[in-house]
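Q: Following the hints, position chain F against chain D.
Protein chains: 2
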Amino acid sequence: MSQQVDLLMTSICLDALSAPMAADNVGPLSPALCVCVCVCVCVTDRTLVQIQDLTPAKADQLVWLRARVHTSRAKGKQCFLVLRQQQFNVQALVAVGDRASKQMVKFAANITKESIVDVEASVRKVELKIESCSQQDVELHIERIFVISQAEPRLPLQLEDAVRPDGEGEEEGRATVNQDTKLDNRVIDLRTTTSQAIFRLQSGVCQLFRDTLTNKGFVEIQTPKIISAASEGGANVFTVSYFKTSAYLAQSPQLYKQMCICADFDKVFCVGPVFRAEDSNTHRHLTEFVGLDIEMAFNYHYHEVIESITDTMVQIFKGLRDNFQTEIQMVNKQYPSEPFKFLEPTLRLEYTEALAMLHEAGVEMGDEEDLSTPNEKLLGRLVKEKYDTDFYVLDKYPLAVRPFYTMPDPNNPKYSNSYDMFMRGEEILSGAQRVHDAQLLTERATHHQIDLEKIKAYIDSFRYGAPPHGGGGIGLERVCMLYLGLHNVRQTSMFPRDPKRLTP
Amino acid sequence: MSQQVDLLMTSICLDALSAPMAADNVGPLSPALCVCVCVCVCVTDRTLVQIQDLTPAKADQLVWLRARVHTSRAKGKQCFLVLRQQQFNVQALVAVGDRASKQMVKFAANITKESIVDVEASVRKVELKIESCSQQDVELHIERIFVISQAEPRLPLQLEDAVRPDGEGEEEGRATVNQDTKLDNRVIDLRTTTSQAIFRLQSGVCQLFRDTLTNKGFVEIQTPKIISAASEGGANVFTVSYFKTSAYLAQSPQLYKQMCICADFDKVFCVGPVFRAEDSNTHRHLTEFVGLDIEMAFNYHYHEVIESITDTMVQIFKGLRDNFQTEIQMVNKQYPSEPFKFLEPTLRLEYTEALAMLHEAGVEMGDEEDLSTPNEKLLGRLVKEKYDTDFYVLDKYPLAVRPFYTMPDPNNPKYSNSYDMFMRGEEILSGAQRVHDAQLLTERATHHQIDLEKIKAYIDSFRYGAPPHGGGGIGLERVCMLYLGLHNVRQTSMFPRDPKRLTP
Numbered sequence: 001m002s003q004q005v006d007l008l009m010t011s012i013c014l015d016a017l018s019a020p021m022a023a024d025n026v027g028p029l030s031p032a033l034c035v036c037v038c039v040c041v042c043v044t045d046r047t048l049v050q051i052q053d054l055t056p057a058k059a060d061q062l063v064w065l066r067a068r069v070h071t072s073r074a075k076g077k078q079c080f081l082v083l084r085q086q087q088f089n090v091q092a093l094v095a096v097g098d099r100a101s102k103q104m105v106k107f108a109a110n111i112t113k114e115s116i117v118d119v120e121a122s123v124r125k126v127e128l129k130i131e132s133c134s135q136q137d138v139e140l141h142i143e144r145i146f147v148i149s150q151a152e153p154r155l156p157l158q159l160e161d162a163v164r165p166d167g168e169g170e171e172e173g174r175a176t177v178n179q180d181t182k183l184d185n186r187v188i189d190l191r192t193t194t195s196q197a198i199f200r201l202q203s204g205v206c207q208l209f210r211d212t213l214t215n216k217g218f219v220e221i222q223t224p225k226i227i228s229a230a231s232e233g234g235a236n237v238f239t240v241s242y243f244k245t246s247a248y249l250a251q252s253p254q255l256y257k258q259m260c261i262c263a264d265f266d267k268v269f270c271v272g273p274v275f276r277a278e279d280s281n282t283h284r285h286l287t288e289f290v291g292l293d294i295e296m297a298f299n300y301h302y303h304e305v306i307e308s309i310t311d312t313m314v315q316i317f318k319g320l321r322d323n324f325q326t327e328i329q330m331v332n333k334q335y336p337s338e339p340f341k342f343l344e345p346t347l348r349l350e351y352t353e354a355l356a357m358l359h360e361a362g363v364e365m366g367d368e369e370d371l372s373t374p375n376e377k378l379l380g381r382l383v384k385e386k387y388d389t390d391f392y393v394l395d396k397y398p399l400a401v402r403p404f405y406t407m408p409d410p411n412n413p414k415y416s417n418s419y420d421m422f423m424r425g426e427e428i429l430s431g432a433q434r435v436h437d438a439q440l441l442t443e444r445a446t447h448h449q450i451d452l453e454k455i456k457a458y459i460d461s462f463r464y465g466a467p468p469h470g471g472g473g474i475g476l477e478r479v480c481m482l483y484l485g486l487h488n489v490r491q492t493s494m495f496p497r498d499p500k501r502l503t504p
Numbered sequence: 001m002s003q004q005v006d007l008l009m010t011s012i013c014l015d016a017l018s019a020p021m022a023a024d025n026v027g028p029l030s031p032a033l034c035v036c037v038c039v040c041v042c043v044t045d046r047t048l049v050q051i052q053d054l055t056p057a058k059a060d061q062l063v064w065l066r067a068r069v070h071t072s073r074a075k076g077k078q079c080f081l082v083l084r085q086q087q088f089n090v091q092a093l094v095a096v097g098d099r100a101s102k103q104m105v106k107f108a109a110n111i112t113k114e115s116i117v118d119v120e121a122s123v124r125k126v127e128l129k130i131e132s133c134s135q136q137d138v139e140l141h142i143e144r145i146f147v148i149s150q151a152e153p154r155l156p157l158q159l160e161d162a163v164r165p166d167g168e169g170e171e172e173g174r175a176t177v178n179q180d181t182k183l184d185n186r187v188i189d190l191r192t193t194t195s196q197a198i199f200r201l202q203s204g205v206c207q208l209f210r211d212t213l214t215n216k217g218f219v220e221i222q223t224p225k226i227i228s229a230a231s232e233g234g235a236n237v238f239t240v241s242y243f244k245t246s247a248y249l250a251q252s253p254q255l256y257k258q259m260c261i262c263a264d265f266d267k268v269f270c271v272g273p274v275f276r277a278e279d280s281n282t283h284r285h286l287t288e289f290v291g292l293d294i295e296m297a298f299n300y301h302y303h304e305v306i307e308s309i310t311d312t313m314v315q316i317f318k319g320l321r322d323n324f325q326t327e328i329q330m331v332n333k334q335y336p337s338e339p340f341k342f343l344e345p346t347l348r349l350e351y352t353e354a355l356a357m358l359h360e361a362g363v364e365m366g367d368e369e370d371l372s373t374p375n376e377k378l379l380g381r382l383v384k385e386k387y388d389t390d391f392y393v394l395d396k397y398p399l400a401v402r403p404f405y406t407m408p409d410p411n412n413p414k415y416s417n418s419y420d421m422f423m424r425g426e427e428i429l430s431g432a433q434r435v436h437d438a439q440l441l442t443e444r445a446t447h448h449q450i451d452l453e454k455i456k457a458y459i460d461s462f463r464y465g466a467p468p469h470g471g472g473g474i475g476l477e478r479v480c481m482l483y484l485g486l487h488n489v490r491q492t493s494m495f496p497r498d499p500k501r502l503t504p
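The listed protein sequences derive, respectively, from chains D and F. Position 105 of the first sequence, counting from 1, maps to 105 under the UniProt record's numbering, and the rest follow consecutively. Position 171 of the second sequence, counting from 1, maps to 171 under the UniProt record's numbering, and the rest follow consecutively.
Calculated directly from the structure, the hints in this document are not laboratory data. Think of the CB as a built atom: it goes at the ideal place given N, C-alpha and C, for glycine as much as any other residue. Possibly wrong hints are sitting among the right ones.
To be verified - If you want the footprint, here are the derived chain F segments under chain D, 3+ residues with CB under 8 Å:
#1 203-209
#2 265-277
#3 290-301
Said to hold, decoys possible - Taking lysine-lysine pairs in the DSBU-like style, the calculated list, with each CA pair at most 30 Å apart, reads:
#4 D:K106 - D:K125
#5 F:K267 - D:K333
#6 D:K454 - F:K500
#7 F:K333 - D:K216
#8 F:K216 - D:K216
#9 D:K500 - F:K456
#10 D:K58 - F:K216
#11 F:K244 - D:K500
#12 D:K58 - F:K267
#13 F:K500 - F:K244
#14 F:K267 - D:K318
#15 D:K267 - F:K333
#16 D:K318 - D:K377
#17 D:K456 - D:K244
#18 D:K500 - F:K454
#19 D:K216 - F:K58
#20 F:K216 - D:K318
#21 F:K454 - D:K244
#22 D:K267 - F:K58
Next comes chain D alone, as it looks inside the complex (with noise of 0.2 Å):
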């Protein structure tokens, strides 16, 4: 018995080999998986295959490989399991015969679902298709078998549920997993191929956008969420003990970014947790979120800001679409929606050409007076039909809408010089042309009735020269729901926070 622990127990930790293991721990382990030490010695030799490269190719081969297990179906002398690496998976027979016994099949039956092995097979061709896995020309027959991780035999939710459509096979009375079980149980939900490709698509919008600043000459800097002043006034903002005083939690990185700029670093992004303490139970507003923010100096005209950032987002776009394809078919095939549209360059509107076109189609709303989100779906469907695009800039706000910093508009001073980015007709970036003088921050500060004490620190970050400067901040999590189409931005966050959710 020492033996098969022994193997059991390597997978775990190589120097494990001359552990003692109290045998109640093995679990269903059989002496038909007896195998010899000379074997765990020489372990760590032992190539694993993905389960991906299970392919007619490897036909006749013997292969190792660790995976989970799918699901598990015994049928006389035979079991069958389905084997699952992230989104592959594979048919995998046990049989009693030549190589396995009874007990081996009894064995592996008795494997609990989501729970680990490692199995060593020949890898057989298959005449017919198999529709239900990914690798649909090839089965493995199952000559050995080691639990390495044992899962408990209720699972709190069912993968297969947690894939399906809304509304499919509900006549055969097959369940959906409702939101906040999913989220319950994060940890199961996130092995849902649905959950993989969306996250593995969450970690390719980073990349292209570090990489596309990058290649523009930004810096990325790092800025701290723990700061001492409320810098967009005390609402919405989380405090913090800190020591012997209080502190809060950065609302945005935009204090900092823009002391970057004027500490010459010209061009900057940074990619990190935003916190707003903002009561909203919608299905697009979380606590706490992923910032992607852009500062940069320009020389003549914000609108050299609009073009890197929308250059930016059109890059994101062009590399999802390139290289994000399974990911992006995967979640369709759960959520269908619409391929994203774009426009190169992109579509820049006017806030008065977007007003009359909401007044065309009927909406009554006064000149500087925001957007309601209802009014930014409609303006979103309205773009989409005339200029036949997922992604487009409302420019020059009014100014009364927005922050203090915002530079006016000097040619209109109902107007500023700002802008909000809109996917499929939500709102994913604010920004704008930043006020860089000190007194004319001033001026702005005060007529907004705010406490100039309060945002000094802020002030005085422009009295020694200050260029030019404008930028904006993007919700990562909102970029990935409305680019696939997705209707809850929990979806797209690992693990959300909003007022009503802190776990896990």
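A: Showing chain F alone in chain D's frame:
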């Protein structure tokens, strides 16, 4: 007068052309600078050159550039300026003659240091190298000069003082700037050649870290910073008011990295803020720092993890050595240090070997005692002498000095499958194989007298099949400090946070 004001404003915003501006905003602008509006209209077509591109190849060309006034010195009918862009600077001359009036020289002489100016100038080759500038072979003869942003006349610190090596020029009464003054005025301090180099190199470290891991098949993840329970016990954790309840700031992304491993992401990394409410006022502690975190499943031995991490560090060291020599040299000018040495493969010492070296050097300490900071430093010197490396791994720490989730060494229960990594004798990474079995984890937690109820979610993560895995967390600021041979981690944090500093 309105014309030159217009041009001044074009640099702020092209739309400003027709914007009125109060004359008293104009500052010391003189009529000698008057230019016609036609220049303004086509001003966005103007190409601005970079100072680093000003070489004899551009001799006798008329160029436009935007730069800071680094120094200014009037001398009779001439005014010598040094114009600066980041670490590059060039001498510029305004002299009474065909192109410049007496008033213009006076105007130039009155521009405050650190102001941002646009100048039109012809590039002239010089006979004698200008030793004090980065562009030693040319100077600029200024024909027009405009103030884009005026600095206040009294700077809180002088850049030349801020980059002076300690002790240099003491006899002449030359000042250096103490660290608190630098940090209090970070917007100016970050403009120095030393700071520019440090943070451009830091940006490089992040990029090298991510690129290396991406190439190895790692996936980038984003983990939440606001958490519901303090995973490593309640000590040293910041509390956040979260709507009607309390939450904490994550002391590390470890639980979330591990959850991703349990969720089949296989190999993950993340770059983000880490919060420690330690009242440690040392050269190497911050209350908020940037963690470069790694976690990965392994096949047979946790040394697979050590190899992945050390190889990543080696790729970072090589990338810095090969691509950041300019920055390294620039920092060395102010803070001389020996080049950073490393071996391939990385030296791995076991804890018992390190103890033997320390014992031999006369240190008295027990087998299961943790290393004190002075002993770590001494060990670093001993290792450097014996192996000629500034980077090494210390493996197999005593189990007693590591957290409860550390995998015990199966061969010797006094030790553990855990490691620290050191640069120039200081710890930059702490890591381990983690216990991935819920039952063993429960036993270890109980042994450490940890309230099981508080870590229930953590333990539950491992109940549904978890592969053997390990990882570690690297402190970005420490890596930069120690690679460059600096002596205070506040030098490599743009906006450092410690128990006494929350601003800027």
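Q: Look at each hint and say if it fits the structure.
A: Results of checking the hints against the structure:
1. With 3 residues bearing a CB less than 8 Å from a CB of chain D, the stretch 203-209 of chain F meets the requirement of three and the coverage assertion stands.
2. Counting residues of the stretch 265-277 of chain F whose CB falls under 8 Å from any CB of chain D gives 7; the rule of at least 3 is met.
3. Counting residues of the stretch 290-301 of chain F whose CB lies closer than 8 Å to any CB of chain D gives 4, so the stated coverage by that chain holds, three being the minimum.
4. Distance hint between K106 (chain D) and K125 (chain D) is fulfilled; the C-alpha atoms sit about 25 Å from each other, no more than 30 Å.
5. Between K267 (chain F) and K333 (chain D) the alpha-carbon distance is near 26 Å, which keeps this suggested pair within the 30 Å criterion.
6. The hinted pair formed by K454 (chain D) and K500 (chain F) meets the criterion: a straight-line CA distance of about 19 Å does not exceed 30 Å.
7. Annotation: proposed proximity of K333 (chain F) to K216 (chain D) holds, straight-line Cα distance about 29 Å (limit 30 Å).
8. A hinted pair counts as satisfied when its Cα atoms are at most 30 Å apart, and K216 (chain F) with K216 (chain D) qualifies at roughly 25 Å.
9. For the suggested pair K500 (chain D) and K456 (chain F), the alpha carbons sit about 20 Å apart, so the restraint of at most 30 Å is met.
10. Proximity of K58 (chain D) to K216 (chain F) is assessed by CA-CA distance (about 24 Å); at most 30 Å being required, the pair is judged to hold.
11. Distance restraint check for K244 (chain F) and K500 (chain D): the Cα-Cα separation of roughly 10 Å lies within the 30 Å cut-off, and the hinted pair is therefore satisfied.
12. For the hint linking K58 (chain D) to K267 (chain F), the alpha-carbon distance of about 26 Å falls within 30 Å, and the restraint holds.
13. For the hint pairing K500 (chain F) with K244 (chain F), the CA-to-CA distance comes to about 29 Å; that is within 30 Å, so the pair holds.
14. Proximity of K267 (chain F) to K318 (chain D) is assessed by CA-CA distance (about 26 Å); at most 30 Å being required, the pair is judged to hold.
15. A C-alpha spacing of about 26 Å is found between K267 (chain D) and K333 (chain F), which places the hinted pair at or below 30 Å, so the restraint holds.
16. Taking the CA atoms of K318 (chain D) and K377 (chain D), the gap is near 24 Å; set against the 30 Å cutoff, the hint holds.
17. At most 30 Å may separate the alpha-carbon atoms for a hinted pair to count; K456 (chain D) and K244 (chain D) meet this at roughly 23 Å.
18. Only pairs whose Cα atoms come within 30 Å are accepted, and K500 (chain D) paired with K454 (chain F) is accepted, the gap being roughly 19 Å.
19. With a C-alpha separation of about 24 Å, the suggested pair K216 (chain D) and K58 (chain F) falls inside the 30 Å cut-off, and the hint holds.
20. Distance restraint check for K216 (chain F) and K318 (chain D): the Cα-Cα separation of roughly 23 Å lies within the 30 Å cut-off, and the hinted pair is therefore satisfied.
21. Between the alpha carbons of K454 (chain F) and K244 (chain D) the distance comes to roughly 26 Å, so the proposed pair stays at or under 30 Å and holds.
22. Under the criterion of a C-alpha separation no larger than 30 Å, the hint pairing K267 (chain D) with K58 (chain F) is consistent with the structure, at around 26 Å.
Against the hints set out earlier in the document, no violation occurs for any number.
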